[in-house]
Amino acid sequence: MALPNDTDPKLAEYAHPERLVTTAWLADNLGSDGLAVVESDEDVLLYETGHIPGAVKVDWHTELNDPVTRDYVDGARFAQIMGERGITRDTTIVVYGDKNNWWAAYALWVFSLFGHEDVRLLDGGRAKWADEGREMTTDAPKPEQVDYPVIERDDSRIRAFKDDVVAHLGLVSSGKGAMVDVRSPQEYSGEKLHMPDYPQEGAVRGGHIPGAASVPWARAAAEDATFKSRADLEAIYQTEQGLTPSDDVVAYCRIGERSSHTWFVLTHLLGFDTVRNYDGSWTEWGNAVRVPIVQGSERGSA
Amino acid sequence: MTLPPQLAELVDDFSAVGPKDRLQMLLELSRELPDLPERFADRADSMEQVHECQSPLFLAVEVEEGGERPVHLFFSAPPEAPTTRGFASIMVTGLDGEPAQAVLDVPDDFYTDLGLGEAVSPLRLRGISAMLARIKNQVRAATA
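Protein sequence lines, in the order shown, are assigned to chains X and A. Read in full-length UniProt numbering, the first sequence has 19 at position 19, and its numbers run on one by one without any break. Read in full-length UniProt numbering, the second sequence has 116 at position 116, and its numbers run on one by one without any break.
Among these hints, one or two may not hold up.
Said to hold, decoys possible - Looking from chain X toward chain A, a few residues come up when the C-beta cut is under 10 angstroms (computed):
id : residue
1  : T49
2  : D98
3  : A130
Unchecked claim - Okay, derived cross-link-like pairs now, DSS-like style, lysine-lysine, Cα gap no bigger than 25 angstroms in a straight line:
id : chain 1 : residue 1 : chain 2 : residue 2
4  : X       : K228      : X       : K128
5  : A       : K136      : X       : K192
6  : X       : K142      : X       : K57
7  : X       : K228      : X       : K10
8  : A       : K20       : X       : K57
9  : X       : K162      : X       : K192
10 : A       : K136      : X       : K142
11 : X       : K128      : X       : K10
12 : X       : K142      : X       : K162
No lab work stands behind these hints, which were simulated from the structure alone. C-beta: ideal position from N, C-alpha, C; glycine also.
Just need the whole structure built from these sequences, with the hints factored in.
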């Protein structure tokens with residue numbers, strides 16, 4: 001049984017308000033049957049320093065990624081990860097995390113590849129919960145093992161591979177498709193291969209995919225790490241960038257985590273029909289043989 | 001090439017346990033990272049940022065004038081970055097007070113022997129190699 005939606009008026013403005021909950025809603029619903037709270041952080045140890053009571057940890061790097069192939073885990077491993085955490089196929093999952101929910105959005109996106117139906121983000125993430133002085137604990141929950149079915153991952157709808165992006169280039173140059181680069185302006189122009197303060201992730205060339213619009217992910221976030229209002233988001237993506245909800249959009253960043261955040265904004269908050277996250281992102285494209293890139297601040301075209 | 005004794009001991013401690021316990025040890029180390037001394041409080045701009053780390057991390061290196069030129073390390077990292085703090089603490093525990101030459105002699109890939117790749121992920125481990133590289137640069141500059 002899915003839990004009731006958060007009826008907060010700010011959320012009600014979004015295209016899919018059922019994909020978000022406020023900290024107040026979560027505080028009221030903590031401990032409810034059928035609810036699992038999942039923390040997914042950039043910092044692998046942050047959960048251990050204190051987390052929302054009852055929350056379980058899922059680490060994107062070490063758990064959702066297959067250790068050998070550059071890919072996500074398969075259905076059997078995913079079922080194991082969920083089952084161990086007491087999550088069934090009809091559990092309502094609320095994901096939250098550090099750093100403006102990047103990794104939480106990433107986890108939510110991976111959960112969506114497996115078609116988990118009811119998965120929501122905590123608006124404002126870990127920082128907002130902590131800033132409001134809400135309860136945190138270091139007690140590790142001990143969920144009862146449950147059965148989660150083995151589901152085959154569906155990469156076709158919300159994930160783009162390099163070849164898909166190559167095919168998409170023509171659509172972008174003819175104005176029938178769009179591409180959003182969510183990295184910092186310095187990464188977009190090619191001046192830097194990583195965002196300030198973040199690790200070099202080994203691309204041999206700097207620049208962007210031809211035709212990609214530069215819309216850094218952070219523009220969608222308010223000061224307190226919550227998402228900006230729908231009107232503010234429309235002003236950025238629709239008015240300023242000229243994207244429309246029927247556009248076929250591909251978003252990318254450097255390894256796919258920041259673009260999950262933008263994927264969430266476009267899909268769930270603005271109601272775009274077709275948005276794919278290119279998780280290979282710049283670490284793949286910037287190293288790939290014979291793919292075009294553009295350097296400098298102009299979009300360029302293929 | 002041998003590691004300075006404290007660093008060698010840390011590597012032994014990490015490699016002696018499984019991945020889950022390695023994470024626990026890193027967490028404990030993150031709690032033990034010494035606070036920044038007062039004299040750095042008003043000169044944070046004199047510290048060097050380790051851009052490769054996933055969180056804002058600042059580093060200062062002091063090399064004593066006499067004898068074997070012992071090296072002292074100082075780090076500033078926020079509490080919401082326990083992994084980065086843990087890496088910094090490995091550096092302080094393993095290298096603080098060591099002669100400059102011993103610090104320069106630490107193999108650049110020593111951290112692979114900590115066995116943290118599986119527990120933390122190789123991507124995150126780049127922070128620690130970057131810290132060592134920047135420490136060595138500063139030691140070289142101070143002893144040149």
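Going down the list of hints, with the structure as the test:
For T49 (chain X), the interface hint holds, the least distance from its beta-carbon to any beta-carbon of chain A being 5 angstroms, beneath 10 angstroms. Taken as an interface hint, D98 (chain X) checks out: its beta carbon lies about 6 angstroms from the nearest beta carbon of chain A, inside 10 angstroms. For A130 (chain X), the shortest C-beta to C-beta distance to chain A is roughly 9 angstroms, which falls under 10 angstroms, so the interface hint holds. For the proposed pair K228 (chain X) and K128 (chain X), the alpha carbon gap of about 14 angstroms is at most 25 angstroms, so the pair holds.
Annotation: proposed proximity of K136 (chain A) to K192 (chain X) holds, straight-line Cα distance about 24 angstroms (limit 25 angstroms). Simply put, K142 (chain X) and K57 (chain X) have alpha-carbon atoms about 12 angstroms apart, close enough for the 25 angstroms limit, and the pair holds. The straight-line distance between the Cα atoms of K228 (chain X) and K10 (chain X) is roughly 9 angstroms, inside the 25 angstroms bound, and the hint therefore holds. Proximity of K20 (chain A) to K57 (chain X) is assessed by CA-CA distance (about 13 angstroms); at most 25 angstroms being required, the pair is judged to hold.
A distance of roughly 22 angstroms separates the Cα atoms of K162 (chain X) and K192 (chain X); the hinted pair therefore holds under the 25 angstroms criterion. For the suggested pair K136 (chain A) and K142 (chain X), the alpha carbons sit about 44 angstroms apart, so the restraint of at most 25 angstroms is broken. Taking the CA atoms of K128 (chain X) and K10 (chain X), the gap is about 16 angstroms. The hint holds against a cut of 25 angstroms. Between K142 (chain X) and K162 (chain X), the direct Cα distance comes to roughly 40 angstroms. Violation of the 25 angstroms bound is thereby established for this hinted pair.
In the structure shown, a violation is registered for the earlier hints numbered 10 and 12, in ascending order.
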